[in-house]
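Chains as they are written, first to last, in the numbering used here: chain A, 1 to 599; chain B, 1 to 371; chain C, 1 to 236; chain D, 1 to 106.
Worth flagging that the hints you see were computed from the coordinates, not collected in a lab.
Cβ atoms here follow ideal geometry from the backbone N, Cα and C, with glycine treated the same way.
Just to be clear, a hint being listed does not mean it is correct.
Below, simulated SDA-like cross-link-like pairs (lysine to any residue); rule was C-alpha separation at most 25 Å, straight line [to be verified]: (1) C:Lys-20 with D:Gly-36; (2) C:Lys-45 with C:Glu-93; (3) C:Lys-45 with B:Asn-204.
So these bits of chain D aren't anywhere near chain A, every CB distance computed over 12 Å [said to hold, decoys possible]: (4) Trp-22; (5) Leu-26; (6) Ala-37; (7) Leu-39; (8) Tyr-60; (9) Ala-64; (10) Leu-94; (11) Leu-97.
Each chain is listed here by its residues.
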Amino acid sequence: MATAAGTIAAPTTESVVWSWITTVDHKRIGALYGVTAFIFFLIGGIEALLIRTQLAVPNGNVINAELFNQLFTMHALTMIFLAIMPLGAAFFNYMVPLMIGARDVAFPRLNALSYWIFLFGGLVLVSSFIFGGAPDTGWFAYQPISSSQFSGSGMDFYVIGLMILGISSLAAALNFAVTIINLRAPGMTMMRLPVFIWMTFIVMFLLILALPVLTVALIQMLFDRQFTTSFFLPEGGGDPILWQHLFWVFGHPEVYILILPAMGVVSEVLPTFSRKPLFGYAAIVFAGIAIGFLGWAVWSHHMFTTGLGAVQQAVFSASTMAIGIPTGIKVFNWLATMWGGSIRFTTAMYFAVAFVALFTIGGISGVMHASPPVDQQQQDTYFIVAHIHYVLVGGALFGVFSGLYYWWPKMTGRLLNETLGKWNFWLMFIGMNLAFFPMHFLGVSGMPRRIYTYDSGLGWDFWNLVATVGAFILALGVLFFIINVFKTWQQEPDAGDNPWDAPTLEWATTSPPPEHDFDVIPEVHSREPVWYMRDHNLTTPEPEPGTHIHLPPPSYYPIIIAFGVLLLGLGPLSHLALTALGVPVIIYGIWGWTLEPTE
Amino acid sequence: MTEEALLRISQRWARRLLILAPAALFILLTACSDPQTTIEPASDMTEAIQGVYEIVFWLSMFVFIAIMLLTLWLAVHYREQPGREAIQIHGHQRLEILWTIIPVAIVLIMLVPTWQVIADTTDTPPEDSMVITATGKQWWFEFTYEGLGLPDDEGNPTDLVTANELHLQAGKPVHVLLRADDVIHSFWIPQLAGKVDMVPGHENDLWFTPFEDSVREEAYLGQCVEFCGASHANMRFRVFVHDEEGFNAWLENERSDAVEPTSELGKLGATLFVVRCAECHTVRGTAASIADFGPDLTHVGSRTTIAAGILDNNISNLVDWISNPAEIKPGINPENDVIDKERPLRFMRAFEDEISAEDIQAIAQYLTELK
Amino acid sequence: MAAAEHQVEHHTTTGIDSRKLLMWIFLGSECLFFGSLIATYLIFKGEIDLPPFPSETHVETAYLEEALASGEITEVHKHLCHESDEAGISVCEGIFDIPLTSQSTFVLLMSSVAMVLAVYGAQHNRPMMMKSWLLATMLLGLIFLGYQVYEFRTFGQEGLTLETSQFGASFFVLTGFHGTHVAVGVLILGSLLLASFRRRGLGSEPGFQVETAGLYWHFVDIVWIVIFTVLYLIPA
Amino acid sequence: MSMHEDHSVEEEHGLQPMQYVWIGVLLTVITIVELGASLWVDLGNALIPILIVLSAVKFYIVVAFYMHLRFEHRLLSQVFTGSFVLAAGVLIALIALFWTDITDII
Ligand code: HEA
Ligand code: HEA
Ligand code: CUA
Ligand SMILES: [Cu+2]
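With the hints as extra help, turn the sequences into a complete structure.
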């Protein structure tokens with residue numbers, strides 16, 4: 001293909017590195033997301049271990065106060081924005097087209113663009129450690145402590161990093177929302193979509209609608225810090241509470257963005273290994289939608305102690321507790337899925353069952369501080385830290401691990417070792433409970449969060465030590481996963497197309513799937529298409545000889561545009577000239593992108 | 001293994017868990033004896049909170065135990081076994097309705113007392129309250145008792161300013177107005193008052209009445225629990241609840257001017273103090289009584305702790321503090337003062353290079369004599 | 001054969017073109033973006049108690065003097081106010097020049113008309129119609145931006161800047177981001193126009209590209225419809 | 001061939017150029033009415049609701065006709081209206097939290 005005016009030739013080389021850099025294949029992008037996010041997860045985990053080491057004993061002096069504050073801020077930012085969200089992205093990148101029976105996503109290059117922007121945004125955020133200190137005012141960056149008067153350049157990295165990551169997530173969310181609506185296989189109606197797809201779909205809309213609110217808040221913060229406005233600064237007439245509202249209008253939907261993909265994974269794993277269809281499919285789907293909607297009406301429960309007012313407290317406590325109802329419906333349906341089953345306990349199933357139990361614990365403590373008077377005694381104590389880790393580690397992270405064990409054979413063609421897997425699970429499970437259950441006690445004993453040290457004699461010594469030990473056991477569990485991956489990587493692919501006898505469409509193709517996903521896009525007749533084929537003795541149809549499957553060619557432009565976005569963001573951090581440089585790079589990239597032939 | 005065997009195992013486990021649950025509860029209850037416990041109320045406000053907490057707690061416990069047992073039982077009972085076929089069902093309407101109704105009921109039972117307490121605690125403060133303004137600053141608390149100072153020359157009541165230690169009278173309602181100078185802090189005395197934030201530019205308040213029987217020698221602990229910078233961990237305060245007599249005695253002393261130092265060393269310290277420290281601190285009744293950047297030190301010698309509840313009040317700690325406060329509270333960094341010239345933060349600086357060790361000793365002696 | 005391939009490529013479950021769907025969902029996202037900016041403006045609107053005011057406001061003269069003395073406002077701001085007939089009360093002019101903004105609003109409205117005609121041209125295979133209306137849309141967009149630059153400069157001279165007050169901050173950030181959207185729109189239309197002069201024109205289906213760009217353009221227009229009403233027309 | 005027909009049928013969903021121009025005129029007229037209401041006549045308390053209704057009408061007209069939403073697949077209007085309603089709901093609630101001290105009312 002001749003070069004279009006003023007653009008580079010489409011990549012043709014087969015070099016490994018370039019083929020990954022220019023790839024637009026959703027499976028490869030999913031893998032990129034997964035590996036990158038897992039590395040960030042290890043970074044976030046090491047940050048957590050440092051925190052726990054410092055807090056192991058009273059008056060610890062492993063790290064100083066300033067560093068501690070950077071650590072817990074970066075720990076949360078890394079885990080939320082660079083680990084759990086992109087791990088979800090890894091799954092939905094890899095799985096959505098396979099599960100709905102499509103050859104790729106609706107906009108393959110946009111998909112690559114999302115990944116590269118995510119990578120650059122993540123690097124910006126993490127690089128703050130070397131450039132004058134990381135953000136240090138907590139992941140929700142309350143004002144005015146995050147204003148230029150009270151905090152250093154770390155918060156600029158926070159603003160820019162989150163903005164860049166926001167662009168990435170928005171692009172991905174648009175892409176996948178369209179893909180799910182528009183690229184379903186024949187017969188794949190909305191009410192036949194796997195629950196994982198449904199949850200992803202809801203998450204996409206939460207992202208699309210919540211991110212702009214965060215972006216606006218960040219823009220205002222940027223103006224406060226870099227220019228002369230005072231949106232949030234009281235002495236200039238601004239209002240620090242406005243930041244809290246804007247942040248949590250985003251922030252609460254965000255926590256459902258983190259948990260819903262995990263709920264989706266579990267809704268796939270439980271029926272597969274119970275060998276029966278999901279109990280109450282429709283109820284689970286509608287409960288998911290209800291959670292998505294209600295999630296918009298509860299944000300002020302993070303602000304019960306800011307002087308909200310009685311009626312506001314009453315309203316927000318009711319809406320918050322109400323979320324327990326659809327969530328409860330899900331929990332009960334998951335349990336009922338196990339009921340009457342013939343449960344095969346693989347590692348994936350262990351993680352899924354543990355998810356149900358641990359998430360419930362976290363949910364219950366959530367409902368406890370949904371009562372404003374109770375929250376007055378729990379807000380900003382370790383009780384909250386316990387809540388968030390039960391839902392985020394026991395919930396989101398366990399969901400991710402369940403998904404990893406479940407889909408690993410599909411993605412690599414290799415089964416993970418089950419013995420190592422059981423070690424992995426039990427260490428993580430025990431470690432997780434040892435680390436986070438005592439935090440309830442600490443909270444009840446009045447231990448505040450975000451303190452870099454504490455005196456002995458307050459009754460906090462013992463449980464802090466237990467928590468630290470638990471954290472290290474948890475880390476050991478993660479280590480077993482890494483070992484498992486390395487060990488099984490040596491083996492020959494042995495998984496077969498459908499090692500679990502699972503019902504959904506991704507198992508109807510080979511493991512790992514061919515570049516074009518399906519030779520022939522199958523026709524879907526039920527919610528469990530593969531079981532349907534099994535029970536009706538159907539086989540996947542052979543491709544007609546001579547048909548040519550059209551696949552989008554690789555492209556340089558995603559990474560070029562992402563680089564432009566990076567320059568744009570680096571401007572406010574170093575020299576505005578970089579921003580000026582970024583604009584032409586982006587324009588050049590878009591120009592080449594639109595002219596590049598995609599056929 | 002047969003089904004019965006498994007059933008037996010699961011039942012045994014279920015029983016064990018039932019024993020474990022009270023054990024967990026026991027552990028939770030031991031939190032009571034901890035000095036900063038949130039579940040041993042000593043005022044009307046915290047008792048009202050405790051009332052809701054207990055309802056919420058037991059309901060949560062019920063859900064917790066039920067779900068844990070159910071999960072465990074299902075996992076054990078429906079384990080794959082030779083000859084077992086999974087039942088192919090898709091749902092069960094009546095069951096689904098049932099487990100929608102139960103959570104609705106639980107939520108309603110939680111909401112009613114919640115709303116009740118919200119209404120009670122946000123009503124209006126009692127007429128006869130003692131009014132105290134608590135101001136959060138990086139990283140200490142200033143307390144201003146409205147109208148309790150000595151009357152001025154014209155006989156008008158003045159306010160009484162003190163820091164980091166709050167003295168209350170059992171049975172006497174207090175209305176606390178919450179302010180912040182720099183960033184957001186919060187006011188929390190787990191046993192006496194639920195947390196409310198101190199937000200710059202906003203006027204929050206809370207009120208409570210310490211129980212008649214809450215009088216005790218040792219202090220109730222209070223703490224800032226809203227992240228406020230490097231030394232957020234070091235921003236504490238203490239609350240003493242007296243009977244009427246004790247309170248009046250404290251008040252009598254606190255409102256009067258500073259006592260004259262008696263020792264030679266103390267007298268030397270007094271003169272040094274006026275030169276070195278008066279730019280920030282006030283000691284009423286001396287030449288050092290204009291500045292109000294730092295805590296009022298008029299009766300600092302009568303406090304049990306210094307530096308916002310972090311150090312015991314004794315000479316050696318005072319010396320350490322004056323020599324280099326940043327050593328004790330990270331983030332106390334005079335360099336931060338120059339970020340915005342118009343609104344200096346006025347962190348206390350280190351004096352070890354400015355004042356000789358002997359002189360610091362003298363100042364410390366003086367401060368301990370300010371009973 | 002080629003036709004068949006084409007069909008496969010563009011087959012979608014719902015029959016909606018994916019790009020169009022993407023644009024509509026994106027516009028949903030933009031609702032929240034501009035909504036948050038407008039909400040910020042409205043939240044601060046109630047707190048403007050010193051000039052410059054958005055629209056004419058009466059204040060106590062003594063209060064103004066005090067603010068002047070304490071440096072909260074400057075002479076520049078004070079000039080917006082003058083004694084009224086009522087004793088002790090000053091009348092402060094509103095800073096908005098509604099007739100002028102009405103003109104720019106009209107311009108933007110007309111650009112929407114031009115845009116819709118360009119889309120019509122693109123969809124009905126009338127390249128000249130498409131090109132000329134695209135050009136017209138762009139020009140009208142640029143004129144709108146010109147008005148905005150002028151407005152910003154005048155406000156600056158009259159003493160309303162980012163730091164003057166919450167009003168200044170939220171006004172400039174809101175309208176500034178709207179302006180940025182218009183500018184991006186002009187760039188998009190410009191590239192379409194430029195691309196349409198190539199031999200291949202806009203490729204096999206110019207209708208979709210122009211239509212999708214048009215959706216964006218109209219959305220930016222309706223955001224202005226809201227801004228014009230909420231900021232300019234509704235009095236303080 | 002049949003495909004081609006499909007295509008043109010779909011395109012006829014829009015309006016004719018002159019109709020678009022007339023809609024433009026209508027929008028201009030509404031804008032002038034808005035201006036008139038706010039600058040030249042005194043409507044008292046009715047002003048704000050009138051302005052909001054008028055601009056909502058303009059909003060609707062542009063979305064429905066210029067953006068063709070009336071002629072499109074239902075899904076598109078659902079997506080857009082859904083987002084819009086959510087935005088309006090959440091943000092009006094937010095503004096209300098700042099504007100009213102509801103505690104005073106009861
Ligand atoms: C994955 C993330 C996630 C999830 C899913 C949740 C879910 C919930 N959260 Fe949580 N939350 C966080 C992450 C999450 N949260 C984080 C990160 C913070 C802290 C932010 C910070 O300050 O740093 C936080 C903080 C937080 C607060 C503020 C605390 C404070 O700062 O003082 C509150 C208060 O209401 C709350 C409530 C809830 C509730 C009611 C739910 C509900 O959705 C839970 C619903 C689930 C169940 C209830 C269990 C299953 C149901 C049944 C078995 C049915 C029967 C049960 C009942 C009817 C009770 N959360
Ligand atoms: C998804 C989100 C997520 C996840 C997964 C975690 C995981 C963990 N978190 Fe975190 N946490 C948050 C989100 C999360 N957290 C948030 C939002 C906050 C609030 C922050 C704030 O206040 O602003 C918080 C705060 C927080 C605190 C409170 C800090 C404070 O208030 O002072 C603590 C303290 O113990 C903690 C601990 C842990 C631990 C031990 C883990 C463990 O689960 C981590 C386990 C993982 C590992 C340990 C990685 C494995 C590492 C290895 C195997 C090492 C070997 C490898 C190599 C050398 C290559 N977290
Ligand atoms: Cu003050 Cu934390
Ligand atoms: Cu929340």
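For each hint, the structure was consulted:
1. The straight-line distance between the Cα atoms of Lys-20 of chain C and Gly-36 of chain D is roughly 37 Å, outside the 25 Å bound, and the hint therefore fails.
2. Among the hinted pairs, Lys-45 of chain C with Glu-93 of chain C is consistent with the structure: their alpha-carbon atoms are about 16 Å apart, no more than 25 Å.
3. For the hint pairing Lys-45 of chain C with Asn-204 of chain B, the CA-to-CA distance comes to about 23 Å; that is within 25 Å, so the pair holds.
4. Every CB of chain A is more than 12 Å from the CB of Trp-22 of chain D (nearest about 34 Å), matching its label as outside the interface.
5. At the 12 Å boundary, the C-beta of Leu-26 of chain D stays outside the reach of chain A, the nearest C-beta of that chain being 31 Å off.
6. Against chain A, the non-interface label of Ala-37 of chain D holds: every CB pair exceeds 12 Å, the least being about 30 Å.
7. Distance check for Leu-39 of chain D against chain A: the nearest CB is about 29 Å away, which clears 12 Å, and the non-interface claim stands.
8. A cut-off of 12 Å between C-beta atoms confirms that Tyr-60 of chain D is not in contact with chain A; the least separation is 21 Å.
9. Interface exclusion of Ala-64 of chain D from chain A stands, the closest Cβ pair being 22 Å apart, more than 12 Å.
10. Not every beta carbon of chain A lies more than 12 Å from that of Leu-94 of chain D, the smallest distance being close to 6 Å; the non-interface claim is violated.
11. Once the 12 Å rule is applied to beta carbons, Leu-97 of chain D is inconsistent with being away from chain A; the minimum gap is 6 Å.
Checked against the numbered hints above, the structure violates hints 1, 10, 11; every other hint is satisfied.
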